[in-house]
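Participant: One-letter residues, chain by chain:
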Amino acid sequence: MRNRLICTLLLLLVMVLPSAGLAEGVVNVFNWEDYISQDALDLFTEETGITVNYMNFTTNEDMLVKVRNSPSSFDVVFPSDYCIERMIHEDLLSPIDFANVPNLQYIDHNLLNPSYDPTGEYSVPYMWGTVGILYNTTLVASPVTSWSVLFDQQYQNNVFMMDSIRDCLGVALKYLGYSMNTRDPLELNAAKDLLIKQKKDGIVKAYQVDETKDKMVAGEAALALVWSGDAQYAIDLNPDLAYVVPDEGSNIWVDGMVIPKAAKNKANAELFIDFMSRPDVAQMNCNEIWYSTPNVAAIELMGDEYRDNLTMNPTQEIVDRCEFFLDIQDFIQIYNTMWLEIKSA
Amino acid sequence: MNQSLSLPSWMLWLLGLFLLGFVLLAVYSVKRTNGIRRSFFASPYTLWMVLFTIVPCVLIAYYALTDANGAFTLDNFRNFWDSNYSVNQLYTQMGPEYEVLIQRGTVNIGILVYSLWMALLCTIICLVLGYPAAYFMADRNIKIGSILVVLFIIPMWMNFLLRTIAWMTLLEDQGLINTLLKSLGFHSVQLMYNDRAVLLGMVYNFLPFMVFPIYTSLTKMDSKLLEAAQDLGANHLHTFWRVTAPLSLPGVISGITMVFMPSVTTFFIPRILGGGNTMMFGDLIENRFLTEGNWNLGSALSLIMMVLILISLSVLRKADPEGEGGGMI
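First to last, the protein sequences are chains A and B.
Residue 21 in the working numbering sits at position 21 of the first sequence; the count goes up by one each step and never skips.
Residue 100 in the working numbering sits at position 100 of the second sequence; the count goes up by one each step and never skips.
Don't take each hint at face value.
[Stated by the list, open to error] Using C-beta positions, here's what the derived DEER-type ranges look like:
#1 B:D195 <-> A:D42: 41 to 49 Å
#2 B:T73 <-> A:L186: 25 to 33 Å
#3 A:S72 <-> B:L47: 22 to 30 Å
#4 A:G219 <-> B:L47: 29 to 37 Å
#5 A:S72 <-> B:Q174: 53 to 61 Å
#6 B:L308 <-> A:R321: 32 to 40 Å
#7 B:I109 <-> A:R321: 38 to 46 Å
#8 B:H187 <-> A:R321: 39 to 47 Å
#9 A:K197 <-> B:A42: 28 to 36 Å
Read the hints as simulated data drawn from the structure, not as lab findings.
Model, not experiment: these values are computed from the prediction.
Virtual Cβ for every residue (Gly too), placed ideally from N, Cα, C.
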C-alpha cells in the first residue's frame, strides 16, 4: 500500500525537472492522484504514438495555482465543476473543438451543458461522485445516517478529516443546515467553530487526502470523510467498510477535462479527451478508480455490478439531496483564513 | 485573487544588465592582469550563486513588498502580524452585523512561536544525544568508531521524504511497533498523529547535523593536550571539563546552528507524522504559495524567516568568531 505513496513522491521529484514537452507527439496531462488507469494511458500511446507526460495534483486549489502560474505546461487538466467555472471566469481555458471529439455522443446528455460551463464549450465530463463518510462497521455500531458522527465524542481519535478547504468546511456547513456555498461569514464562522471544537475534543486523528483510503483499509480509524471512488476502492479491499452519503445532504461533483488557453499541443489534447471518452476506455478507468462515469455506453458495458452499487451509482434520492460546489470567487479569502485557523488550532 | 504573477519587464532588463556587467567584469579582470587570475576560476560558482541565491532573494523581497497588482504595499507584513487583517476589511465593507467577527488573527505568529519552540526542543534533544555519540566515535581507543561514522552517514544517502514515510509504517496504530506490542500482550499506544511523532521525525532527520561538526572538532583536537592535563594532575572529569569541552565548543555551536535552522523551517514532517494536526512555519509558507496562491504573503513570511535566521546566525558567530566548527556554515 505504501508503494503507491512512494511512487507518487518519486513522480513528484521527477516533476520538478523541466518535463513539459515542446516536440510533436506529446500531451501534458495534469490529473488528480490515483485517478486514471495506467493501462488506458499505455493504450493511448500505443494507438496514437503520442507520449503522455502525466502529472498529479492533490486538491483543486493546488491545481489552480499551478495552472495560473504556468498555463503552457499543461494540455489537458481535470478540474472539478466549481474550478472549471473559476477558470472560465479567469479566461484560462480554450474552447474545445468538438469535431475532434466524436465520442462525446456517449456522454450523458444531461451533463453536457452544466451550470459551471453553461455553453458546454470548455469541458467534457470525466467522472463524477459524491462526498460522504467511509466507516468501519466493526468499530461503528449502528448504521451511519448523519454527519453528527464526525462530531461525536464517542469516536475520540478515530476520525480522518479531508485536508481540503471546501470539502471540510462544506460538510460542517451542511451539518449546521447551511449551504455549502455560503457567502455569509457568520455561517462560515459557525462552521469554523464546529471544526475547531471537533479538533480540540480530540476527535480528529489526522487531516489528509490520498493517504486515507489505504489507512482505512488497514483499520487505522473508524470514520473518514472521503470521495465516493476512494470509498469504493477501500470497500473492495476491506469488506468491513461501508460508505454513506448522510441525510443532511452533501456535495456532488463532476470532474471535467479541459484545455488551458496556453496549451502547446491542443490537437493532441483533443485526441486525448476523445480517447478517454471512448466507452471501453471509460470502462477501464471506471474499473480502476471506482468513481461514477458519465459515459452511458460504458455503464451498459459494465452491467449490473455497476448499476447495483450504491456508492458508484447513487439513487436519484441521494443525488437530489446533494449540491454542487459553486465558485465563491473572492470570498475564498475568508474560507482560506478560517481554514488556517482550524489547521493551526 | 485574479493576480498576474509574471514579472514586470524592467526586472528582466535589470537581470540582463546584471549578467552583462558580470561578464564584462570577468573579461576586464583577465585583460588587466595579462592572464587569468586565480579568482577567475570562482566565476562559474559566482554565476550560480547570483542566479540561484541572490536573484531569488531579490524576487522574494520584491513580492513581499508588493500586492497582487505589483504596487508597493506593506499589507503583507500587516497580514503577518494580524492574520485577519485582509478579511477584517471585508467584514467592515459587508456591514455592521459582521463587525462581531472582527478580531486580531494570531495564525502566523502562533505558528512561528510553535515552530521556534519545536526547533528549540529538537536542538536540545539532538545536543543531548549527539554529544556523547560524537565523543564516543572520536575516541581513538574505540575500534568501531569509524564504523559508527559510516552507519550514521548511510541513512543520509536516502531522501529524507522516504525516510520519514518509512517511520509511518513503524508508528501507525496498526504499524510494526504496535503489532509487536500487542503480540506481547501489551496495550497498543498512540505513537503517531501528535507533536511527539513530529519531534521524533525532526530529531531523526537532523541528528547527523549535530553529530558530525562535534565529531570533527573532537578529532581535530591535539591528544597531547589531554596527556598534558593529566600530567598536571587533572582527573578525567576535570580534563573533560577544562580541556575537551572548551575545545569542542566551535563544533557544538556549528551543530546547534545546523540543527536549529532547518528545524524552524521544517515542513512535510508535521503533515506525515503529525497527521496534519499541527502546522510548522514551513507548512504555512507552502500553504500560502501552493494552496492559496498568495505569493506576496508567502514571500513576506519567507523574508521574515530569513531575517530571523540571519539574526541568530550573527549571534552564533559572536560565540565562534573563527568559525572553527568544521566551517560547515
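Participant: Hint by hint, note whether the structure agrees.
Facilitator: Each hint tested on the structure:
1. B:D195 <-> A:D42: 41 to 49 Å: holds, 44 Å
2. B:T73 <-> A:L186: 25 to 33 Å: Once the Cβ atoms are compared, 29 Å apart, the range 25 to 33 Å for L186 (chain A) and T73 (chain B) holds.
3. A:S72 <-> B:L47: 22 to 30 Å: This hint holds: roughly 27 Å between Cβ atoms.
4. A:G219 <-> B:L47: 29 to 37 Å: Violated - the Cβ-Cβ distance for G219 (chain A) and L47 (chain B), about 55 Å, lies outside 29 to 37 Å.
5. A:S72 <-> B:Q174: 53 to 61 Å: The hinted range 53 to 61 Å is violated for S72 (chain A) and Q174 (chain B), with Cβ atoms some 44 Å apart.
6. B:L308 <-> A:R321: 32 to 40 Å: The hint (32 to 40 Å, Cβ to Cβ) is violated, given that L308 (chain B) and R321 (chain A) are roughly 50 Å apart.
7. B:I109 <-> A:R321: 38 to 46 Å: Since I109 (chain B) and R321 (chain A) have Cβ atoms about 42 Å apart, the given range 38 to 46 Å holds.
8. B:H187 <-> A:R321: 39 to 47 Å: This hint holds: roughly 42 Å between Cβ atoms.
9. A:K197 <-> B:A42: 28 to 36 Å: violated, 59 Å
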